[in-house]
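Chain by chain, the residues:
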Amino acid sequence: MTECRMLDISDLHVSVDGTEVLRDINLRIGQGETHVLMGPNGSGKSTLLKAIMGFGGYRITAGSITFKGDDITHIPIHERAHLGIGMMFQHPPTISGLKLGKLLVATSHMSEDAIEALAQLVNMEKFLARDINVGFSGGEIKRSEVLQLMVQRPDFVMLDEPESGVDLENMSLMGKEIAGLLEKDVHIINRRRSGLIITHTGYILDYLEADQGHVMIGGQIRCHGNPREILRVIKEKGYGECLRCKQI
Amino acid sequence: MEHLSQEDRERLALTGLEVGMQNRCGSFFQIDQRVVQTTCGAEGIEMLPIKVALEKYDWMEDYYWNAVPRDADKYTQYVAKQETPQGLVVIAHPGAKVAMPLQACLFLREEPVQHVHNIFIAREDSEIHIISGCASSWQKERGAHIGVTEIYVGKDAKVTSTMIHNWNPGISVFPRSATIVEEGGIFLSNYVCMQPVKQVTMYPTARLIGKNAVARFSSIVVATPGSLLDLGSRTILAAEYTSTELITRAITTGGVAISRGHILGEKENTRGHIECKGLILKDGTIHAIPEIEGTLTGTELSHEAAVGKIARHEIEYLMARGLSEEEATATIIRGFLDVKISGLPAVLQRQIDAAIDEAESGF
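Residue numbers (the working numbering), protein chains in the order written: chain A, 128 to 375; chain B, 575 to 937.
Hint data in this document are derived by calculation from the structure and do not stem from the laboratory.
In this text, all values refer to a predicted model and were calculated from it rather than measured experimentally.
Errors might be hidden in some of the hints.
Residues from chain A that keep clear of chain B, each with C-beta distances beyond 12 Å, as calculated [what the hints assert, rightly or not]:
#1 Gly157
#2 His201
#3 Ala241
#4 Arg371
Straight-line alpha carbon distances no greater than 16 Å define the calculated EDC-like cross-link-like pairs of lysine to aspartate or glutamate that follow [said to hold, decoys possible]:
#5 B/Lys914 <-> B/Glu819
#6 B/Lys671 <-> B/Glu701
#7 B/Lys785 <-> B/Glu757
#8 A/Lys226 <-> B/Asp927
#9 A/Lys226 <-> B/Asp912
#10 A/Lys229 <-> B/Asp912
#11 B/Lys785 <-> B/Asp699
#12 A/Lys303 <-> A/Asp333
#13 B/Lys772 <-> B/Asp804
#14 A/Lys229 <-> B/Asp927
#15 B/Lys625 <-> B/Asp636
#16 B/Lys729 <-> B/Asp699
#17 B/Lys671 <-> B/Glu698
#18 B/Lys785 <-> B/Glu842
#19 A/Lys229 <-> B/Glu901
#20 A/Lys311 <-> A/Asp282
#21 B/Lys856 <-> B/Glu900
#22 B/Lys914 <-> A/Asp258
Over the 12 Å line for every Cβ pair with chain A, so calculated as not near, a few chain B residues [stated by the list, open to error]:
#23 Gln580
#24 Val672
#25 Ile760
A virtual CB, placed ideally from N, CA and C, is assigned to each residue, including glycine.
Modelling step: build the complete structure from the supplied sequences, incorporating the hints.
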């Protein structure tokens, strides 16, 4: 399964406003694999996702990002999206006048009916005629993000704290669809889609299995391992333990 | 119409003129100072050249230079001193309601100055939608258009006035409009100017004199390089339970857009709101000057104004969904200009959308 590489990050350094935020990042995610990224607030997790997506303001000063064999370190955001990278935003912008349904039509080749059918799965059909994220609740924003990914169908899905601000009922609804995005219903041998999920609580792991966990502290990935085990140690001993122990 | 060149027909079509009248129930067409068409097939509605209307009805005198004073400024004085008034009178007789718009087309082709005096009268419980398309010939380099418009919205009547401009970079335009709205009347004014013009200055006023009267002004404008758009709208809440909204979306691609607004709340239980959003796409000026003036405790007035560029994170958000930077920018601009106007017939909304789409390709 891991013979086919989805994402390969080598010795990556990223600066924001002239300050180095990420150092020596090495991360390999194989086809069909789901990884979780944990770490204290401000450790650089979201920065890594944004650097992979290619946002301006996240300057890559050294290292490279390879996606499905292509070096994407310096290509524009939309080309990365076309190659198959998708991202669920933690704090997406509101865009007044732009209807959610219109954006979904513009960014896909799907019919309005097909989009509406997908929207129903996440209880978003009534929001298709609304301006994107304008007046949406926390849970509605997350469901809108999941719907956009369901339409986009990326090979590699990045989720930035999918649980935050979501009640249990919504979490269950979203967890199921996120598992679908990652082809958790497909036999492991045939699974093609991969994911990288930032989580603080690990609640998302109630809905899907993750293959690997990583802990980021101070802009560096300090350890790799079984995600549930890492989560248990963090819950019991806090991130201080990760500082003391470089290998769990 | 056969006298018009293909280029001019296309320019007029952009202002909403339906040559074949498919979606119109009446039409008035004035080229320079010559009325070339007046036709109306709707029951209870009359469209007449102003000269004819003044001769036909004695009571027209009550409406002629009433909402707009003759001596308001040098432009109204210029129109008032003309021996032969030109322009359109629309009369919706009591109870007459038409959902299909009436079109008024004012076309500046050869003369240096076009002057127009329009009067729209909606009597009790009537409803009319008027689309005024104003344009200049594609080869007209210089000129001026001075248009006085007086609108009277009777008790429980509704008037929608949608004006779409399509001038040339050398044309100066001075609309002078005022509206009086009686009890329960609704006045919706929409203005769209997306094409280059030398200058447009106007400050239409709605005076709500009857209980529960409503006025809503919406403006969607683009100031292209060399254009000066000095636009405003004013509502005087002169009766109890009246309300108003003044909404502007202004874009500059190098020109100057001044967005004025004034609401005067002078009676109990009145409400008003001004909203101006400006987008600076290329260095130019957007100057929002909202004024809200209340004279007693029972009035609630508010305003919000914002001027800036397109936020980078909005563009990048759409790019993450696969749109190129240009597509993302155009999508955001289209959304910015998307002011859905409640109570507007779909055919008029489509006309406004078409004017926006046409301009958008130039951003």
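Now the hints, each set against the structure:
With a least beta-carbon separation of about 23 Å from chain B, glycine 157 of chain A lies farther than 12 Å from that chain, consistent with its non-interface assignment. In this structure histidine 201 of chain A is separated from chain B by more than 12 Å, as the shortest Cβ-Cβ distance comes to about 15 Å. With a least CB separation of 17 Å from chain B, alanine 241 of chain A remains clear of the 12 Å interface cut-off, as annotated. Interface exclusion of arginine 371 of chain A from chain B stands, the closest Cβ pair being 37 Å apart, more than 12 Å.
Restraint check for lysine 914 of chain B and glutamate 819 of chain B: satisfied, since their Cα atoms lie roughly 13 Å apart, inside the 16 Å limit. Annotation: proposed proximity of lysine 671 of chain B to glutamate 701 of chain B holds, straight-line Cα distance about 4 Å (limit 16 Å). Between lysine 785 of chain B and glutamate 757 of chain B the alpha-carbon distance is near 5 Å, which keeps this suggested pair within the 16 Å criterion. The straight-line distance between the Cα atoms of lysine 226 of chain A and aspartate 927 of chain B is roughly 15 Å, inside the 16 Å bound, and the hint therefore holds.
As the CA atoms of lysine 226 of chain A and aspartate 912 of chain B are separated by approximately 10 Å, the hinted pair is consistent with the 16 Å bound. Taking the CA atoms of lysine 229 of chain A and aspartate 912 of chain B, the gap is about 13 Å. The hint holds against a cut of 16 Å. As the CA atoms of lysine 785 of chain B and aspartate 699 of chain B are separated by approximately 15 Å, the hinted pair is consistent with the 16 Å bound. Annotation: proposed proximity of lysine 303 of chain A to aspartate 333 of chain A holds, straight-line Cα distance about 10 Å (limit 16 Å).
The suggested pairing of lysine 772 of chain B with aspartate 804 of chain B holds, with an alpha-carbon distance near 11 Å, which does not exceed 16 Å. This hinted pair checks out: lysine 229 of chain A and aspartate 927 of chain B have alpha carbons roughly 15 Å apart, not beyond 16 Å. Restraint check: the Cα-Cα separation between lysine 625 of chain B and aspartate 636 of chain B comes to about 15 Å, which is no more than 16 Å; the hinted pair holds. Our distance criterion of 16 Å between C-alpha atoms is met by lysine 729 of chain B and aspartate 699 of chain B, whose separation comes to about 6 Å.
Note on lysine 671 of chain B and glutamate 698 of chain B: the hinted pairing holds, with a Cα-Cα distance of about 11 Å set against a maximum of 16 Å. For a cut-off of 16 Å, the pair hint linking lysine 785 of chain B to glutamate 842 of chain B stands: about 10 Å separates their Cα positions. Straight-line distance between C-alpha atoms of lysine 229 of chain A and glutamate 901 of chain B comes to about 13 Å, which keeps the hinted pair within the 16 Å bound. Taking the CA atoms of lysine 311 of chain A and aspartate 282 of chain A, the gap is about 13 Å. The hint holds against a cut of 16 Å.
Simply put, lysine 856 of chain B and glutamate 900 of chain B have alpha-carbon atoms about 15 Å apart, close enough for the 16 Å limit, and the pair holds. Of the pairs offered as hints, the one joining lysine 914 of chain B and aspartate 258 of chain A holds, with about 12 Å between alpha carbons and a cut-off of 16 Å not exceeded. Its beta-carbon lying about 33 Å from the closest one in chain A, glutamine 580 of chain B satisfies the requirement of being farther than 12 Å from that chain. At roughly 28 Å, the least C-beta separation between valine 672 of chain B and chain A is larger than 12 Å, which holds for a residue marked as non-interface.
With a closest Cβ-Cβ approach of about 24 Å to chain A, isoleucine 760 of chain B is found to remain outside the 12 Å limit, as its non-interface label requires.
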